[in-house]
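Protein sequences appear in the order of chains A and B. All residue numbers for the first sequence refer to this note's numbering, where the first residue is 55 and numbers rise by one. All residue numbers for the second sequence refer to this note's numbering, where the first residue is 3 and numbers rise by one.
Source of the hints: derived by calculation from the structure; they are not laboratory data. Note that this is a predicted model, so its numbers are computed, not measured. Don't take every hint at face value.
[As the list claims (entries may be wrong)] Listed next, with one range per pair, are the computed distances between beta-carbon atoms:
(1) B:Gly100 - A:Ser339: 39 to 49 Å
(2) A:Ser339 - B:Ser30: 48 to 58 Å
(3) B:Thr255 - A:Glu280: 33 to 43 Å
[Stated by the list, open to error] The following residues of chain B were derived to be distant from chain A, with all beta-carbon distances above 12 Å:
(4) Ile31
(5) Pro87
(6) Tyr167
(7) Leu222
(8) Ile245
(9) Tyr254
(10) Ile258
(11) Cys300
[Said to hold, decoys possible] Cross-link-like lysine to any residue pairs, in silico, SDA-like; alpha carbons within 20 Å at most:
(12) B:Lys96 - A:Lys97
(13) B:Lys96 - A:Gly182
(14) B:Lys96 - A:His181
(15) A:Lys97 - A:Gly354
(16) B:Lys200 - B:Asp171
Backbone N, C-alpha and C fix where the C-beta goes; we use that ideal spot for every residue, glycine too.
Here is how the chains run, residue by residue.
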Amino acid sequence: MRSQNFALIENGPAIVGEDAALEIFRRVCRTRFFEEGLVRAVKDGFVTSPVYLSTGQESVAAALSVALPRPIIFAQHRCHGVYLSYGGDPVRLRDELMGLPTGTSGGRAGSNCVQCHDDGVTMHGHHGLIGENVPLAVGYALASGDTTLAIFGDGAAEEDYVLSSLGFAATHRLPVLFVCEDNNLSILTTVETRRSWKVSNVASSFGIGSEDLSDDPWTVYLKARELAKRTPALMNIYTCRANWHVGVGTDGPVEWDRFAEVKAALDGAGLKDKALGIEDAERLSMEKVWEQGQLRRLSGK
Amino acid sequence: MGTRTVAETIREITRAHLENGGMLLGESISAVGWVNNTVPDVKNIVELPMTDVAGAGIAAGAALAGRRPVFVVRFQDFLILNGSPLIFYAAKLKDLHGRSAPVFVRAIAAEGLGPVHSGVLHSLFMHFPGFKVASPMTPREYEEVWRIYMENDDPFICSEHRASYANKDELADETVDGADITIYSISSTRFEAKKALKLLQNEGVRCNLVNIVWLKPFALSSRLIEPLKDSKIGLVVDPGHEIAGASESIAYTLMINTGYPVKALGVEDRTKCLVPPLQNKAPDAFRIYEAAKGLLACTGRVFT
Ligand SMILES: Cc1ncc(C[n+]2csc(CCOP(=O)(O)OP(=O)(O)O)c2C)c(N)n1
Ligand SMILES: [Mg+2]
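With these hints in hand, go ahead and build the complete structure from the sequences.
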């Protein structure tokens, strides 16, 4: 059963070590504060195209990006967190969301299709067809021998072509880390309503090492490092989407508040002050990205 | 007449490509005669399991990685399953992200094999942006299509037809001064159109026969348009379904650009059954002949 502490490794920050723990936290903060600015920009009418927020789920990409620094990335529509955690330029993402030519795809693609081919980061853009990225990641790994990261949702995991891609990766023992961000929702329909089986069991029966775990970032980090050594492998990570499927609205409190828990864990590990410093710095830097006067100039509004 | 068949040409192109680090993916490649003897037994061939949607996605992923994959589709009807990664990903990549996934889809058509093994579906890929679509029926045409694929970074739909595999002939256009009609033919109907031309000529009809290889982009070259300006009546023949198909689309383009009537002739709007006489085959020489005669009669030109 999905839960906040599923397969949790206790004392995460201490095991992970201070540097990695704080770096993961910095990346969590980056996504969180980028999206806080984005929410304001949507409300103020500076961003008018649909947006798919990562808020609530930030810890997954933040931990993966520190554990597995340079994979070839194939993410799906909810991808701001992946892009930002892996070092994508927030300004270029902002510009993409505003439809500007300086955006990640020249302002043509938008929130659910973010790509990055800068500064050693390779993230192939999605097109909005759920699960399409998974066979692409598998084909890329087959053709190049490079390690690929296929990130998809619990809904995408049900697509026939996703399941057969797992099978193909198993047959060819391909260097793919499959990560299912299981927020229990496909739009508003829960997993239990949709299916009786677990993705991890399917992967295991294909011969792919797999783990169910919660989005505790230290656990994600430790397991990802472990699984990356024996790909193909799959992680099904229970997490909580804080906003609507698309758009900036909310439907009440989340099942669990991972952001608060991450801070509490750092506090418990004696890293409170350093964490606060990181939080303030990221907040400030993302506020600059979304500064009103600049948005007015850029949008002509 | 050259010395090599189309099948041999494909095999040699493929051999060179695979030996140079290219890749070929498909189902049951090594079985049943190596895809009509068009695939050599060399390295870099990936046997896909029966996973037609994911298989096309895996090929598109290989294209992203720069391997210039050849994706073999034994029957064009299966393109409906393959379509999603090709249409929604590979073909949209350039307009959306300014990048490319150049996969070469060998889409093979056949005839008389029933409802899901006899289709010619190239028109579907003309419909969607982002593809180059060609239907080479001769050795040199095939080489040309391949060369252009290797020089470009677009996904290609190479609409092949089994009827061409044994062909060595270059199937040149045939034009006459003062022609009564220009027949444009595509894919397997090119072999039938040649025969139809004889039937029409026997009755005193002066015909131009123009071969169409490139379906998209469809360039209105003078080779295509001048014969029509002369005959002032045209007929476009294609082995796919006529409604909203290649024949109608190209007939429309020719008509709108010249002002002359151009009729489309393709497969009828009913399912191709396996058993004769319900196979609903591609227009053969007689149907092409009849359509040409009917069109001429409509414009008051009766030949007996
Ligand atoms: C092939 C396909 N089917 C359906 C949709 C519509 N759709 C968009 S997002 C979504 C839910 C996806 O759920 P999940 O994969 O769990 O990702 P999440 O939104 O929860 O992050 C659906 C059904 C789509 N875009 N593509
Ligand atoms: Mg979901």
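Hints, verified against the model:
The hint said 39 to 49 Å for the Cβ distance between B:Gly100 and A:Ser339, and at roughly 28 Å that hint is violated. Taken as a hint, the range 48 to 58 Å holds for the pair A:Ser339 and B:Ser30, whose Cβ atoms sit roughly 55 Å apart. Checked against the given bound of 33 to 43 Å, the beta carbons of B:Thr255 and A:Glu280, roughly 59 Å apart, lie outside it. Non-interface status of B:Ile31 relative to chain A is upheld: no Cβ of that chain comes within 12 Å, the nearest being about 15 Å off.
Once the 12 Å rule is applied to beta carbons, B:Pro87 is inconsistent with being away from chain A; the minimum gap is 6 Å. No Cβ of chain A approaches the Cβ of B:Tyr167 within 12 Å, the least distance being about 28 Å, so the stated non-interface status holds. Annotated as non-interface, B:Leu222 keeps its C-beta farther than 12 Å from every C-beta of chain A; the closest such distance is 29 Å. Once the 12 Å rule is applied to beta carbons, B:Ile245 is consistent with being away from chain A; the minimum gap is 27 Å.
Remark: the non-interface label on B:Tyr254 is consistent with the geometry, its nearest Cβ contact in chain A lying 29 Å away (cut-off 12 Å). With a least beta-carbon separation of about 30 Å from chain A, B:Ile258 lies farther than 12 Å from that chain, consistent with its non-interface assignment. With 12 Å as the threshold on Cβ separation, the claim that B:Cys300 sits away from chain A holds: the shortest Cβ distance comes to roughly 46 Å. Restraint check for B:Lys96 and A:Lys97: not satisfied, since their Cα atoms lie roughly 32 Å apart, outside the 20 Å limit.
Distance check on the hinted pair: B:Lys96 and A:Gly182 sit about 15 Å apart at the alpha-carbon level, within 20 Å; holds. Pair hint B:Lys96 plus A:His181 holds up; C-alpha atoms about 11 Å apart against a cutoff of 20 Å. A hinted pair counts as satisfied when its Cα atoms are at most 20 Å apart, and A:Lys97 with A:Gly354 qualifies at roughly 16 Å. With a C-alpha separation of about 17 Å, the suggested pairing of B:Lys200 with B:Asp171 holds against the 20 Å cut-off.
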